[in-house]
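Colleague: Protein chains in written order, with my numbering: chain W, 19 to 264; chain F, 65 to 735.
A few of these clues could be false.
[Unchecked claim] When the alpha-carbon atoms are kept at most 20 angstroms apart in a straight line, the in silico SDA-like pairs for lysine to any residue are as follows:
| hint | chain 1 | residue 1 | chain 2 | residue 2 |
| --- | --- | --- | --- | --- |
| 1 | F | LYS297 | W | ASP223 |
| 2 | F | LYS676 | F | SER640 |
| 3 | F | LYS297 | W | ALA225 |
| 4 | F | LYS701 | F | SER716 |
| 5 | W | LYS148 | F | VAL120 |
| 6 | W | LYS219 | F | VAL294 |
| 7 | F | LYS338 | F | GLY439 |
| 8 | F | LYS338 | F | ALA232 |
| 9 | F | LYS390 | W | PRO72 |
| 10 | F | LYS230 | F | ARG312 |
| 11 | W | LYS82 | F | ASP310 |
| 12 | W | LYS130 | F | ARG312 |
| 13 | W | LYS219 | F | LEU357 |
| 14 | F | LYS589 | W | PRO72 |
| 15 | F | LYS390 | F | ASP337 |
| 16 | F | LYS461 | F | PRO395 |
| 17 | W | LYS130 | F | VAL120 |
| 18 | W | LYS82 | F | PRO123 |
| 19 | F | LYS230 | F | ASP710 |
| 20 | F | LYS655 | F | PRO673 |
| 21 | F | LYS589 | F | GLU146 |
| 22 | F | LYS297 | W | PRO72 |
| 23 | F | LYS230 | W | PRO72 |
| 24 | W | LYS82 | F | LYS701 |
| 25 | F | LYS230 | F | LYS676 |
| 26 | W | LYS82 | F | ASP307 |
| 27 | F | LYS364 | W | GLY213 |
| 28 | W | LYS148 | F | ASN503 |
I should point out that these hints are in silico values taken from the structure, not numbers from a laboratory.
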Amino acid sequence: MFSNAPNWRLYRFPRKLRSARAFAVVSGLLLAASVPTDFFCSVARAQQTDPASPVVVQPGAPGKPSTRLPPSATAKLPPRSQAEVEFMQEMILHHAQAVEMTALILSHTGDKDLRSLGARISSSQSDEIKFMRRWLAARGEPVSMPMPGMRGMDSHPMALMPGMLTSAQMEALRKAKDTEFDHLFLTGMIQHHNGALTMVKDLFDTAGAGQDAELFDFATDADNTQRAEIRIMQTMLEKKFPEEKQ
Amino acid sequence: MNRVQGLAIRMAVIAIILFPGVSRPQSQAQTPAPPPPAQQPAEEERNPFAPEPAPVLPPGMTGADANDPRAKLAPGLYDAGEASLGLKHLVLVRKPEAFQLGTADPDDPKVQKTLGRLGMSDTSKMPKPMQLVRAQLAFANSDFAFQGNHLFQGNFYGVSIYDISKPANARLLTSLVCPGGQGDVSVYKNLLFMSVEAPNGRLDCGTEGFPPEPPPPAGQEKENRRRPPVAQKDRFRGVRIFDISDIRNPRQVAAVQTCRGSHTHTLVVDPNDKNNVYIYVSGTSFVRQPEELAGCSGEKPDKDPNTALFRIEVIKVPVAAPQDAKVVSSPRVFIDARTNAMNGLNNGGTHGKPGSEKPKDTDQCHDITVYSAIGLAAGACSGNGILLDIKDPVHPKRVDAVNDPNYSYWHSASFSNDGSKVVFTDEWGGGLGARCRPNDPNKWGADAIFGLSNDKLTFENYYKMPAAQSDAENCVAHNGSLIPVPGRDIEAQAWYQGGISIMDFTDAAHPFEIAYFDRGPIDPKVLVLGGEWSAYWYNGYIYGSEIARGLDVFELTPTQFLTQNEIDAAKAVRVSELNVQNQQKIEWPAKLVVAKAYVDQLSRSQALPPDKIAALQKAIQSAESSHMNKSALAELKHLAPSLAKDAGTVKSQADATRLRALAEILEHPAA
Chain W
19 MFSNAPNWRL
29 YRFPRKLRSA
39 RAFAVVSGLL
49 LAASVPTDFF
59 CSVARAQQTD
69 PASPVVVQPG
79 APGKPSTRLP
89 PSATAKLPPR
99 SQAEVEFMQE
109 MILHHAQAVE
119 MTALILSHTG
129 DKDLRSLGAR
139 ISSSQSDEIK
149 FMRRWLAARG
159 EPVSMPMPGM
169 RGMDSHPMAL
179 MPGMLTSAQM
189 EALRKAKDTE
199 FDHLFLTGMI
209 QHHNGALTMV
219 KDLFDTAGAG
229 QDAELFDFAT
239 DADNTQRAEI
249 RIMQTMLEKK
259 FPEEKQ
Chain F
65 MNRVQGLAIR
75 MAVIAIILFP
85 GVSRPQSQAQ
95 TPAPPPPAQQ
105 PAEEERNPFA
115 PEPAPVLPPG
125 MTGADANDPR
135 AKLAPGLYDA
145 GEASLGLKHL
155 VLVRKPEAFQ
165 LGTADPDDPK
175 VQKTLGRLGM
185 SDTSKMPKPM
195 QLVRAQLAFA
205 NSDFAFQGNH
215 LFQGNFYGVS
225 IYDISKPANA
235 RLLTSLVCPG
245 GQGDVSVYKN
255 LLFMSVEAPN
265 GRLDCGTEGF
275 PPEPPPPAGQ
285 EKENRRRPPV
295 AQKDRFRGVR
305 IFDISDIRNP
315 RQVAAVQTCR
325 GSHTHTLVVD
335 PNDKNNVYIY
345 VSGTSFVRQP
355 EELAGCSGEK
365 PDKDPNTALF
375 RIEVIKVPVA
385 APQDAKVVSS
395 PRVFIDARTN
405 AMNGLNNGGT
415 HGKPGSEKPK
425 DTDQCHDITV
435 YSAIGLAAGA
445 CSGNGILLDI
455 KDPVHPKRVD
465 AVNDPNYSYW
475 HSASFSNDGS
485 KVVFTDEWGG
495 GLGARCRPND
505 PNKWGADAIF
515 GLSNDKLTFE
525 NYYKMPAAQS
535 DAENCVAHNG
545 SLIPVPGRDI
555 EAQAWYQGGI
565 SIMDFTDAAH
575 PFEIAYFDRG
585 PIDPKVLVLG
595 GEWSAYWYNG
605 YIYGSEIARG
615 LDVFELTPTQ
625 FLTQNEIDAA
635 KAVRVSELNV
645 QNQQKIEWPA
655 KLVVAKAYVD
665 QLSRSQALPP
675 DKIAALQKAI
685 QSAESSHMNK
695 SALAELKHLA
705 PSLAKDAGTV
715 KSQADATRLR
725 ALAEILEHPA
735 A
């Protein structure tokens with residue numbers, strides 16, 4: 019394909035390695051060594067002589083010229099931030115408590131609205147736990163934290179992730195029935211969901227975090243969904259317990 | 065849950081071991097209570113990639129058809145089983161190398177470590193799907209735009225530009241590298257527009273993103289755990305504008321920053337303004353800090369009347385000076401006209417019925433389709449579907465809004481050609497999840513078809529791709545476009561790994577499937593993100609944007625649901641540019657092939673008796689074979705008046721429209 023390219027020799031050497039991986043390593047080294055743009059431009063001119071071959075172009079900032087990359091350039095992932103990994107690890111535990119709370123619904127209340135809401139929260143959060151575990155495992159990160167659940171433990175020993183119910187709160191929920199359960203569940207889950215929003219905000223408020231495409235989509239989606247669910251639960255509270263000021 | 069439960073217990077144990085100073089009762093009191101008993105077999109817990117079956121169907125709901133030929137196709141990335149009806153797959157052009165993860169990456173020491181944990185000693189045994197899992201969304205193909213012989217396929221990492229002068233032989237011309245997701249594209253003359261929302265987007269299209277926060281100094285790990293973010297002047301979230309005059313060397317000419325970035329955007333061409341085009345920006349993600357982009361505020365409306373929530377943005381682009389493009393208005397499209405509260409719209413987005421009073425939290429649009437020919441736009445705006453009057457494109461005004469108890473997330477919208485219907489989609493699960501399993505309700509994650517008259521939307525029915533898909537296939541309603549078959553409303557639509565489904569919604573209350581194409585999952589056991597992002601008709605072919613695999617090209621083939629004449633009539637419509645969300649009115653030429661399509665439809669619906677159908681077919685045939693000589697033309701003209709008369713008496717409105725359109729062609733057929 020490039021046989022008639024005058025500068026072909028300049029570019030050919032990696033191909034001789036006949037291994038994509040070796041080439042990636044070589045090109046990675048080249049890129050790391052900040053090869054002058056001229057190098058790629060000359061390659062680009064070589065490519066232009068064959069109109070059938072696709073080109074790889076990286077535009078510059080607005081108003082600036084574009085740069086040709088070698089045709090075998092492959093993509094790379096943006097840097098991963100430790101905050102992203104921790105976010106996922108913590109959110110797994112956070113979600114697990116929501117699932118645990120919804121598991122109580124069937125035996126603790128007959129309220130249809132609450133049962134329906136609980137089923138949806140349980141289904142989506144269980145699904146998301148799987149997603150987060152896949153995300154971590156695929157990136158070679160442990161599913162658990164080195165020191166799980168111990169954010170800010172210097173000031174508050176064994177403090178939980180934002181919004182998580184304490185053992186005492188969970189115990190109260192477990193003991194409650196019917197109307198009392200409904201109330202504790204709704205207030206508890208609102209507290210819990212608000213914590214998730216805080217976690218998402220913390221994530222995006224951290225330098226370098228949120229650049230992973232899947233994590234970005236996931237966190238954005240979790241924020242949108244849980245925000246909507248909080249409003250739904252607030253409305254349920256207002257309806258069921260009108261005497262209370264929400 | 066086993067793993068999590070185990071984890072919780074381990075946490076407590078580790079805590080006690082590591083921090084003996086913390087008294088046992090206290091740690092007991094604050095440890096999260098153990099999650100509920102195990103529901104999955106222990107075997108499953110070893111593989112975090114194993115998908116789970118759907119929960120049982122809610123009462124009163126029906127699910128997908130598990131006996132459909134699409135339900136159990138063989139898995140594979142490039143060799144998956146395929147099933148189709150009325151669609152011929154012409155080619156799959158594999159995703160270019162530029163948008164594939166470099167092969168050096170699986171050698172990442174951390175990945176090695178995981179593999180070891182999973183019992184694998186070397187990367188050569190690393191399952192291919194696992195490599196894909198790491199990279200899937202970062203390099204995912206997304207939406208399409210078309211111009212002449214060029215197809216623009218967005219990607220989270222840039223844009224692929226193809227030459228489609230021979231669609232069955234589509235050829236990559238240019239890989240434009242410019243990350244930032246999700247790479248939604250539009251094209252107008254020499255300008256290419258691209259949406260960017262992710263924090264790794266850079267003004268200079270750099271692939272390096274921004275450096276993560278350095279680890280805290282030794283001894284300070286726990287305090288000051290996360291430092292405030294650094295405002296990055298080189299970060300870009302918004303809409304990029306490229307000059308594509310040289311298709312093999314696109315240049316960035318402008319980059320218009322917005323507070324929430326651009327998840328999608330819509331090109332708006334004002335029929336009364338030739339010098340400018342407009343871009344409606346839909347941002348759905350977090351609002352960035354004012355230090356990075358002045359004026360950005362993510363506060364609630366009662367705290368900050370200038371909040372970047374509860375609005376869309378309008379960018380004005382001078383066609384001759386695109387570098388001067390800028391945001392010219394931020395319409396509060398969710399405003400309550402009576403109270404002027406900017407958060408005036410209810411969220412109907414629940415799959416239950418939590419209460420009569422619905423919360424008012426719709427603060428974003430996901431996608432907007434404009435139909436300038438009728439002066440309206442349909443917005444799919446998280447909790448609502450809305451209708452906007454866009455006669456003044458800089459100041460769109462909401463004229464109607466709907467919600468739906470079965471809708472989770474209002475995702476996209478499209479009009480029927482006559483503007484009498486709107487098809488909305490519900491992207492339940494965000495497209496990342498398997499939502500077409502036998503137990504997933506067919507009213508969830510479906511299209512909702514609304515009638516539209518006098519600026520009012522009325523719900524008619526749902527449509528969901530009917531075939532059951534596996535647990536390993538992400539599937540939900542996604543992007544589609546009209547197929548210009550005259551006399552019918554037909555939409556080609558992408559359903560991620562559910563494939564492509566072609567729906568007839570001429571009768572909005574009774575939509576049905578007329579053609580499809582589907583592949584098996586990428587992997588049998590792991591949900592690897594893939595499938596068709598968009599399926600659009602463009603000048604005679606259907607193009608599918610396959611997230612993981614590449615570019616698909618299809619042709620329609622005749623079936624009992626669609627005749628060759630109808631296909632040929634659709635192919636008679638040609639456009640020079642296609643941006644699906646900037647909907648253009650389809651005009652059919654007065655050709656005999658279009659007449660033949662109408663005759664086929666009138667025969668199918670039995671609106672005309674067989675002898676009349678035969679007479680029409682004969683007259684059209686003789687006009688064609690005689691190259692429209694005088695007597696043949698006279699015969700066509702002779703048949704027209706009775707058809708116009710029939711139009712007044714037939715029961716179905718669709719048939720009446722067909723009869724009138726047919727009569728018109730017979731009166732004045734074009735060569």
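Colleague: With reference to the structure, classify each hint as holding or not holding.
Modeller: These are the hints, each one checked on the structure:
1. At most 20 angstroms may separate the alpha-carbon atoms for a hinted pair to count; LYS297/F and ASP223/W meet this at roughly 16 angstroms.
2. This hinted pair does not check out: LYS676/F and SER640/F have alpha carbons roughly 38 angstroms apart, beyond 20 angstroms.
3. Between LYS297/F and ALA225/W, the direct Cα distance comes to roughly 13 angstroms. Compliance with the 20 angstroms bound is thereby established for this hinted pair.
4. Annotation: proposed proximity of LYS701/F to SER716/F is violated, straight-line Cα distance about 24 angstroms (limit 20 angstroms).
5. Between LYS148/W and VAL120/F the CA atoms are separated by roughly 18 angstroms; this keeps the pair inside 20 angstroms, and the hint holds.
6. Of the pairs offered as hints, the one joining LYS219/W and VAL294/F holds, with about 15 angstroms between alpha carbons and a cut-off of 20 angstroms not exceeded.
7. Our distance criterion of 20 angstroms between C-alpha atoms is met by LYS338/F and GLY439/F, whose separation comes to about 17 angstroms.
8. Taking the CA atoms of LYS338/F and ALA232/F, the gap is about 35 angstroms. The hint is violated against a cut of 20 angstroms.
9. Taken as a hint, the LYS390/F and PRO72/W pair is broken in the structure, with Cα atoms around 33 angstroms apart against an allowance of 20 angstroms.
10. For the hint pairing LYS230/F with ARG312/F, the CA-to-CA distance comes to about 18 angstroms; that is within 20 angstroms, so the pair holds.
11. Distance hint between LYS82/W and ASP310/F is fulfilled; the C-alpha atoms sit about 15 angstroms from each other, no more than 20 angstroms.
12. Of the pairs offered as hints, the one joining LYS130/W and ARG312/F is violated, with about 60 angstroms between alpha carbons and a cut-off of 20 angstroms exceeded.
13. Distance restraint check for LYS219/W and LEU357/F: the Cα-Cα separation of roughly 17 angstroms lies within the 20 angstroms cut-off, and the hinted pair is therefore satisfied.
14. Between LYS589/F and PRO72/W the alpha-carbon distance is near 35 angstroms, which puts this suggested pair outside the 20 angstroms criterion.
15. For the given pair, LYS390/F sits about 17 angstroms from ASP337/F by alpha-carbon distance, which is consistent with the 20 angstroms threshold.
16. Distance restraint check for LYS461/F and PRO395/F: the Cα-Cα separation of roughly 8 angstroms lies within the 20 angstroms cut-off, and the hinted pair is therefore satisfied.
17. The suggested pairing of LYS130/W with VAL120/F holds, with an alpha-carbon distance near 17 angstroms, which does not exceed 20 angstroms.
18. Taken as a hint, the LYS82/W and PRO123/F pair is broken in the structure, with Cα atoms around 60 angstroms apart against an allowance of 20 angstroms.
19. Under the criterion of a C-alpha separation no larger than 20 angstroms, the hint pairing LYS230/F with ASP710/F is inconsistent with the structure, at around 43 angstroms.
20. The straight-line distance between the Cα atoms of LYS655/F and PRO673/F is roughly 23 angstroms, outside the 20 angstroms bound, and the hint therefore fails.
21. Between the alpha carbons of LYS589/F and GLU146/F the distance comes to roughly 18 angstroms, so the proposed pair stays at or under 20 angstroms and holds.
22. For the hint linking LYS297/F to PRO72/W, the alpha-carbon distance of about 33 angstroms lies beyond 20 angstroms, and the restraint is violated.
23. Between the alpha carbons of LYS230/F and PRO72/W the distance comes to roughly 16 angstroms, so the proposed pair stays at or under 20 angstroms and holds.
24. In summary, the hint linking LYS82/W to LYS701/F is not supported, as the alpha carbons are separated by about 62 angstroms, beyond the 20 angstroms threshold.
25. At most 20 angstroms may separate the alpha-carbon atoms for a hinted pair to count; LYS230/F and LYS676/F exceed this at roughly 40 angstroms.
26. For the given pair, LYS82/W sits about 12 angstroms from ASP307/F by alpha-carbon distance, which is consistent with the 20 angstroms threshold.
27. Under the criterion of a C-alpha separation no larger than 20 angstroms, the hint pairing LYS364/F with GLY213/W is consistent with the structure, at around 17 angstroms.
28. Of the pairs offered as hints, the one joining LYS148/W and ASN503/F holds, with about 19 angstroms between alpha carbons and a cut-off of 20 angstroms not exceeded.
When the structure is compared with the earlier hints, violations turn up for hints 2, 4, 8, 9, 12, 14, 18, 19, 20, 22, 24 and 25 and for no others.
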